[in-house]
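Participant: Given the structure of chain A, go ahead and fit chains B, C and D onto it with the hints provided.
The chain contents come next:
Number of protein chains: 4
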Amino acid sequence: MNTFGKNFKITTFGESHGKALGVVIDGCQAGMELSDTDIQPILDRRRPGKSPLESGRTEKDRIEILSGIFEGRTTGAPIALLVRNEDVRSEDYEALRSVFRPGHADVTYYEKYGIRDHRGGGRSSGRETVARVAAGAVAMKILKEKGITVTGRIVEVHGKTTPKDIEKEILAAKEAGDSVGGIAEITAKGCPAGLGDPVFGKLDALIAGAMMGIGAVKGVGIGDGFAVAEKFGSENNDQMTSDGFLSNYAGGILGGISSGQDIVVRIAVKPTPSIAKVQQTRDIHGNEVEISVKGRHDPCIVPRIVPVAEAMLALVLTDCLLEQKKYR
Amino acid sequence: MNTFGKNFKITTFGESHGKALGVVIDGCQAGMELSDTDIQPILDRRRPGKSPLESGRTEKDRIEILSGIFEGRTTGAPIALLVRNEDVRSEDYEALRSVFRPGHADVTYYEKYGIRDHRGGGRSSGRETVARVAAGAVAMKILKEKGITVTGRIVEVHGKTTPKDIEKEILAAKEAGDSVGGIAEITAKGCPAGLGDPVFGKLDALIAGAMMGIGAVKGVGIGDGFAVAEKFGSENNDQMTSDGFLSNYAGGILGGISSGQDIVVRIAVKPTPSIAKVQQTRDIHGNEVEISVKGRHDPCIVPRIVPVAEAMLALVLTDCLLEQKKYR
Amino acid sequence: MNTFGKNFKITTFGESHGKALGVVIDGCQAGMELSDTDIQPILDRRRPGKSPLESGRTEKDRIEILSGIFEGRTTGAPIALLVRNEDVRSEDYEALRSVFRPGHADVTYYEKYGIRDHRGGGRSSGRETVARVAAGAVAMKILKEKGITVTGRIVEVHGKTTPKDIEKEILAAKEAGDSVGGIAEITAKGCPAGLGDPVFGKLDALIAGAMMGIGAVKGVGIGDGFAVAEKFGSENNDQMTSDGFLSNYAGGILGGISSGQDIVVRIAVKPTPSIAKVQQTRDIHGNEVEISVKGRHDPCIVPRIVPVAEAMLALVLTDCLLEQKKYR
Amino acid sequence: MNTFGKNFKITTFGESHGKALGVVIDGCQAGMELSDTDIQPILDRRRPGKSPLESGRTEKDRIEILSGIFEGRTTGAPIALLVRNEDVRSEDYEALRSVFRPGHADVTYYEKYGIRDHRGGGRSSGRETVARVAAGAVAMKILKEKGITVTGRIVEVHGKTTPKDIEKEILAAKEAGDSVGGIAEITAKGCPAGLGDPVFGKLDALIAGAMMGIGAVKGVGIGDGFAVAEKFGSENNDQMTSDGFLSNYAGGILGGISSGQDIVVRIAVKPTPSIAKVQQTRDIHGNEVEISVKGRHDPCIVPRIVPVAEAMLALVLTDCLLEQKKYR
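Residue numbers (our numbering), protein chains in the order written: chain A, 1 to 328; chain B, 1 to 328; chain C, 1 to 328; chain D, 1 to 328.
In case anyone wonders, no lab produced these hints; they're calculated from the structure. No residue lacks a Cβ here, since even glycine has one placed at the ideal position from N, Cα and C. Keep in mind that the hints are not guaranteed to be accurate.
As the list claims (entries may be wrong) - Here are the simulated SDA-like cross-link-like pairs (lysine to any residue), alpha carbons at most 25 Å apart as the crow flies: (1) D/Lys50 to D/Glu185; (2) D/Lys294 to C/Thr241; (3) C/Lys231 to D/Pro48; (4) B/Lys60 to C/Glu64; (5) A/Lys326 to B/Arg116; (6) D/Lys231 to C/Thr161; (7) D/Lys277 to C/Thr241; (8) B/Lys168 to B/Leu53; (9) C/Lys326 to A/Ile142; (10) A/Lys326 to C/Ala193; (11) C/Lys294 to D/Thr241; (12) C/Lys231 to D/Gly177; (13) C/Lys231 to D/Leu171; (14) B/Lys231 to A/Ser51; (15) B/Lys325 to B/Gly190; (16) B/Lys50 to A/Phe232; (17) D/Lys294 to C/Tyr249; (18) A/Lys6 to B/Gly114.
Said to hold, decoys possible - Take a look, some chain D residues computed to stay more than 12 Å from chain A by CB distance: (19) Arg62; (20) Ala95; (21) Pro163; (22) Glu235; (23) Ser242; (24) Asn248; (25) Ile284; (26) Lys325; (27) Lys326.
To be verified - Simulated restraints, written as ranges between beta carbons of each label pair: (28) A/Ser292 to D/Asp87: 52 to 58 Å; (29) C/Gly147 to A/Lys189: 38 to 44 Å; (30) A/Val289 to D/Asp262: 50 to 56 Å; (31) D/Ser51 to C/Leu246: 30 to 36 Å; (32) A/Gly31 to C/Arg296: 56 to 62 Å; (33) A/Arg73 to D/Ser51: 36 to 42 Å; (34) D/Asp87 to C/Glu145: 47 to 53 Å; (35) D/Lys168 to C/Gly147: 47 to 53 Å; (36) B/Glu145 to C/Gly49: 40 to 46 Å.
Next comes chain A alone, as it looks inside the complex (with noise of 0.2 Å):
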C-alpha cells in the first residue's frame, strides 16, 4: 500500500500537516557515494513557493539521511530520508473539518476509514510526493551510472501548448478562481532492451500503475497512446531494418518490453480541485453545504507533477533493473 518496487523498494510514510515527510529505500546497492547534495536539488525543484504559479506554501524541504550510509557510501542496508514539514497553517483548514472538498479524496478516505485527517489533505495531499521525489533521486542516480535519463516536460495546459500562453492561462485561471488541466511527457533514454516482464509484470503496465498512482493523473498514454484508435496497423507498427526501428510510435515497449528505444509516457493531469469558486457539496452530517476552497494551492499541478512523473519512472526502470540481472 505504501511501499512500491519490488527489488528498489520504497516505503513512504507521512502527512501534509504532519510531523514529517519520509521514505525507506530496500534495495539500493552497496558501495554506491551517495549524500544529501545528491537529493536537495531535485526535491528543490518539486518544492512549492517558487513562483506566482504555484502553492505560497514556503517549505525548505531539508533532507536528512537517517540510515543505510557509512563514510559518504551505501553499505546495502536501508536508506531512510526524512523530511520535516515547516510551514504548517493547519488553522486554514479548520473551516474544512467536516465538509467533503469536491474533487478531493475527502469523502472516499471518511468512507474508507471512518475517520478524517482535515489539515491539508493529510496523507491524501500532493505533499506527500516530497517522500517519491527524494526516493527518484537515489534512482536517477543509479540510472545516470548507467547511462540513463528521465526528462519530462510540459505538453499541454487547457489547450495550450507555448510556455507564454500556458502561463497566461495558468494566472487567468487563477484570477478566476478557478484551476487548469493539462498534459505532460516523461521521457527516458538510454534504456537497455529487455526490461520488463510478461505477462502481469510488462514495463508499461508498470509505468502506467506508477503514473496513475500520482494524485490528479487520470490518462495514461505510452508513445502514440489513445492516438493509436485512429491508425491502421501498416501507419502504427514500427519498421525495422538493420539499423533498427524506422519510428518510435510504441513508445519505446513492444509486447510489455522495453526495445532500446526511447521510452515516452504521456499522463494527463485534472484541473487542481482545490479552487475558490462556489461549489456545492455536504459535510459528514449530510448537510449541504456551499464551499470555497480557500488555502494556497497551485491553479495548475502539471508543472509541479513533472518531478513526481520523472521520480516514478525512474523508479519503474531501476527496479526493472534490476529484475532483469537475476536473469542475465
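Facilitator: Leaving out everything else, chains B, C and D in the frame of chain A:
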C-alpha cells in the same frame, strides 16, 4: 511476473502453440458453488472464430477444473483451471522462425531471453488471455454475489462509433491486408465506496496496471481521462448534494479510492500488428527482409479485448474487496 | 499462501484425492535444457509403495510438462508441471467424513474453512508435496550447474540411529498399530558466501520457514541447533585462519548470510498421526467417538520427508542465488 | 528484505551506531487510540543497561511517532516510529575496522556487500531489534483488544533452569570473559482457531521464519519441538473430547493452522559471540590475527531476546488475524 493480485491471486501459464493454457487461483473463499458452467460461457465470449471479423483459429477452449472443488463447492484450496490447445498450426509460423514481425514482441523477447518461440507468439500471444478470462469468470461470480457487475463495450474503431460503421471499417481493413485500432470502455456498477489504498495501491493505479498489461493496450483513462487536460477545475469537480454526486467526471474514483459511483475505464487498443501488407524488418542475424504476415489474425482486436478487459477489472475489484475486509 | 519464493517462485495446487497435483514455476532462466527425465527420477524417490516401511498407495506419479519448454529448452515462460492422481481409494475415508482424526489438520481446516474434504486429507495431505518435489527437481538442476548439491539423510528414528535399528523400530511400531517420529538432516555443499538478506530475509529464516512449512515438521535447527543452549561462546564461535573456518558449528550461516561452508539443517518430524490404535476424538457435531485410522499410511514419515526437505532447501537456495545476482 | 509481514507490514531501518533506528508500520487499522505511552514501556523492557547481566550501553530509547496519528488515533496512514541513537562509542570498535569477529556477521556481510560498517555491527547488530520491538508494541495493542496475550520466559541458560542458577551462570561466564547460550519460550494465549494458511503460509512456518530471523537464534520448536523424535504417535497426538483437546503437544498448531489452544514456541539462542577470551581470526586482507572483543556486551543474550521474540510472535499473529478476516 505471471502472478496478478495480492489477495485473490492468479498465476497463469501456457503458450499459444504449447500443450495448454492454465491458471491457478489462490485466495478464493471456501464454500462457494463453482463448476464448469460458471466459466465456460464467459470463455466462449472470448473464443476466436465466431465471425468473419475474427481470427479463423477454431479452439473449443474447453475448461477443466483440476483442483480446489469438492462436492461442487470451493474448499479454500487453490483452483487450477486448464484449457488444452487443439487447433495449432505451427507450420503457419515456420517462415517466421528467425524474422521479427513489426509491432510484435518478437524482437524484445529475443533481446530479453536470447531464445525464440516463434510459434504464434508463444507466451506473448493474445491466446495467453484465455487464462485471465477463465480466472475472471470466477471473480465475476464473487462480484455478482455482492451486486457488482462489470461490462464492456466498444466505443470507437478507427474513428467510427456505430456498430455498422465499425463492422464496415474492420472488413475494409481486412480486405486491404491491414488492421485498425480503437477504444473500449469498461464499467463496473454496484461497487462500494472505500476500495483502493493510498498511496501506491490506489484503485486507479491498480486498474491502469491491469489494463496496460493486456497486449495491444497503449492508453488508459479513468472517467474523463485525457479530456481533463482541457477542463477548468470548476467543470471537472463532481459536486455533491445530500443525495450524492451531481456528475461522475472522476469515473468513480477519488484520491485512488472508489466513491460508490460507477467505475469507468477507457482503453486505447492499437491496430493488430499482424498484417498482410508488406513491411520492412530484419531477422535474428541482422539481415533486412520484407515481411507479409500470414496466419489467422483478427483485423481488429478491440471486440475480443473487451472480455479480457472485463476480466482484468473483475480481478482488480475482487482483490480490492478482499483487501478492504481486512481493515473492517 | 500456495506460492513459495520471490524470484524462483512456485505455485502449487491439488489435493490427495483430487484429479491432479501440479506446480507452476515462475522465474526459471531461459535457455536451460529441461525434460521429464530431469524430474521423474527425483519424483520417484518420493513415491510411496516402494517398501514395507511405506504407505501401500501405488501412484506412478508420471510428470507432464505443460508449458515453458520449447525445443527442449526453457523459454523464460512459466513452467507448469502436472501429476495426475491414479490410485485413489476415497472409500477408505468414507468413515471419516465427519470425524476429526487426532494429530491431523481435520479440525483446524474445518474451523478455518467451514468445509471438509475428508478424502485423504485433501490439501493438507502429504501428497501435496509431489508438487514441491517436482519443482525442487528443477531447482536442483540449476544448483548443480553452479556446483551446489543438496542431500538429506535420516539421523534418528525414535531414538535409534543405525539403519538396521531404525527399520526394526518402524516395523515394530507398524505391528503395534502405532507410528514413530525422528530427525533428518539436510546439507547443501558448494554454496557461495553471501546468500541471504538482512534482516527479515535471513537465509536461516527462509530455511526455517521452508522446513516448518512441511507437514509433520515440529522443529528446525541450523548447525548445532538446540545444542547451542548448553555451550559457551568460546566453544560455539567458529574461529578462522587465513585458510577459512576451523569448525562449522554455525551450519554455514552467520548473521543470516551464507559463509561458504556447508549449510546444515536438522528437522524434527513428528510420528505419523494416522494410527490404528484406538484414540478418543470428536466429530463435527461435537459427539465423542473412538477412532482407529485405517487406510494406507507410513508408520514413520521421516524417510519420505527427506526428498521433500531436500526440495525445499534447493528452492530456497535457488531463490537466494537469483536474489543475490541483483546486487552484483 | 527489511520488510516483514503481508497485511500488517513493518519496514525497519537503522544501524547500531548510525543516527537512528526506525520502523514504518503499514496496515494498521484506522481509529485505534495510540500514543508514545503504548510503546515506550515495552521498549524499556528491551533497553540495555538495566542490570549487571546486561550490556552497559545506556540508551534512553525515546520513541517519536512521526506519522499516522491524528488527534490521538490511527488514521490508516503508515505509522513511522523513530528512536535516535545517543550513547554511541564508535571508538570502541576502531580496532575492529578490518578484523572479522568470530561468530559474527562481519565476514559474511563483507563477502556480500564488499563493504564494512564496523561500528558495533552496523545493521547486523542486535540494536536493530529496537525497531521490531516498537512495532511489536503496536501489534500487541491490537492483539490485546482481541483478548490475545503474548508472553515469553527464559527456560534454560547453559543447562540451568532456576533464576538463581541462571544468574550465577551468566555472571560466571562474564567473569571468565566468556558467554553462554540458552532457551526461551514464547506463548500466545487466547488465539482463535483458524489462523495460518496452507501450504506455504502455515502459521508455524511463519513463526519459524520470524524467530530464526532474530540474530543469535539457531533453533525453533513448536510445542514438543525436537522431543517428537522420540515419541510414538499414540503419545504425540492430542486426543479430543467434546470439551476440546486432552493435551497440547502440538503447541496449538495442527496442519499449519491454529487450533485455539495456546501457541507455544521455543527458541535456542546461541552464546553471545562477542567475548573477551582470545580467539583466532583473520582480517579483510587475509592476515591471521588474535582477537579479544572489547566493548559493552551481554554475556548472555537470552533475557534481552525475550521481548524481541514476543514482538515477532505478536507481529505474526496480527498479520494472520488480518489475513483471516479476508476470507470470513
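Participant: Now look at each hint and say whether the structure bears it out.
Facilitator: Evaluation of the provided hints:
1. Proposed proximity of D/Lys50 and D/Glu185 is supported: the alpha carbons are some 22 Å apart, at most 25 Å.
2. The suggested pairing of D/Lys294 with C/Thr241 holds, with an alpha-carbon distance near 20 Å, which does not exceed 25 Å.
3. Taking the CA atoms of C/Lys231 and D/Pro48, the gap is near 23 Å; set against the 25 Å cutoff, the hint holds.
4. Our distance criterion of 25 Å between C-alpha atoms is met by B/Lys60 and C/Glu64, whose separation comes to about 22 Å.
5. Between A/Lys326 and B/Arg116 the alpha-carbon distance is near 19 Å, which keeps this suggested pair within the 25 Å criterion.
6. Distance hint between D/Lys231 and C/Thr161 is fulfilled; the C-alpha atoms sit about 15 Å from each other, no more than 25 Å.
7. Proximity of D/Lys277 to C/Thr241 is assessed by CA-CA distance (about 17 Å); at most 25 Å being required, the pair is judged to hold.
8. Our distance criterion of 25 Å between C-alpha atoms is met by B/Lys168 and B/Leu53, whose separation comes to about 10 Å.
9. Only pairs whose Cα atoms come within 25 Å are accepted, and C/Lys326 paired with A/Ile142 is accepted, the gap being roughly 13 Å.
10. The suggested pairing of A/Lys326 with C/Ala193 holds, with an alpha-carbon distance near 17 Å, which does not exceed 25 Å.
11. As the CA atoms of C/Lys294 and D/Thr241 are separated by approximately 20 Å, the hinted pair is consistent with the 25 Å bound.
12. For the suggested pair C/Lys231 and D/Gly177, the alpha carbons sit about 14 Å apart, so the restraint of at most 25 Å is met.
13. A hinted pair counts as satisfied when its Cα atoms are at most 25 Å apart, and C/Lys231 with D/Leu171 qualifies at roughly 15 Å.
14. Among the hinted pairs, B/Lys231 with A/Ser51 is consistent with the structure: their alpha-carbon atoms are about 23 Å apart, no more than 25 Å.
15. Taking the CA atoms of B/Lys325 and B/Gly190, the gap is about 17 Å. The hint holds against a cut of 25 Å.
16. About 23 Å separates the Cα atoms of B/Lys50 and A/Phe232, which keeps this hinted pair within 25 Å; it holds.
17. This hinted pair checks out: D/Lys294 and C/Tyr249 have alpha carbons roughly 23 Å apart, not beyond 25 Å.
18. Between A/Lys6 and B/Gly114 the alpha-carbon distance is near 24 Å, which keeps this suggested pair within the 25 Å criterion.
19. No Cβ of chain A comes within 12 Å of the Cβ of D/Arg62; the nearest lies about 14 Å off, and the non-interface call holds.
20. Distance check for D/Ala95 against chain A: the nearest CB is about 17 Å away, which clears 12 Å, and the non-interface claim stands.
21. With a minimum CB-CB distance of about 37 Å to chain A, D/Pro163 clears the 12 Å threshold, and the non-interface call stands.
22. A cut-off of 12 Å between C-beta atoms confirms that D/Glu235 is not in contact with chain A; the least separation is 46 Å.
23. Annotated as non-interface, D/Ser242 keeps its C-beta farther than 12 Å from every C-beta of chain A; the closest such distance is 41 Å.
24. Listed as a non-interface residue, D/Asn248 keeps its Cβ farther than 12 Å from every Cβ of chain A; the least gap is roughly 36 Å.
25. Every C-beta of chain A lies more than 12 Å from that of D/Ile284, the closest at about 14 Å, which supports listing it as non-interface.
26. Listed as outside the interface, D/Lys325 is consistent with that label: its C-beta sits roughly 15 Å from the nearest C-beta of chain A, beyond the 12 Å cut-off.
27. With 12 Å as the threshold on Cβ separation, the claim that D/Lys326 sits away from chain A holds: the shortest Cβ distance comes to roughly 14 Å.
28. At roughly 54 Å, the beta-carbon separation of A/Ser292 and D/Asp87 lies within the given 52 to 58 Å, and the hint holds.
29. Restraint check, C/Gly147 to A/Lys189: a C-beta distance of roughly 40 Å satisfies the suggested window 38 to 44 Å.
30. A/Val289 and D/Asp262 have their C-beta atoms about 54 Å apart, which keeps the hinted 50 to 56 Å range intact.
31. Evaluation of the 30 to 36 Å hint for D/Ser51 and C/Leu246 yields a pass: the beta carbon distance comes to about 34 Å.
32. Range check, A/Gly31 to C/Arg296: Cβ separation about 57 Å, and the 56 to 62 Å hint holds.
33. Taking 36 to 42 Å as the suggested C-beta distance range, the pair A/Arg73 and D/Ser51 conforms, at roughly 38 Å.
34. Range check, D/Asp87 to C/Glu145: Cβ separation about 50 Å, and the 47 to 53 Å hint holds.
35. Our hint of 47 to 53 Å for D/Lys168 and C/Gly147 holds, since their Cβ atoms are close to 49 Å apart.
36. B/Glu145 and C/Gly49 have their C-beta atoms about 44 Å apart, which keeps the hinted 40 to 46 Å range intact.
Of the numbered hints stated above, none is contradicted by the structure.
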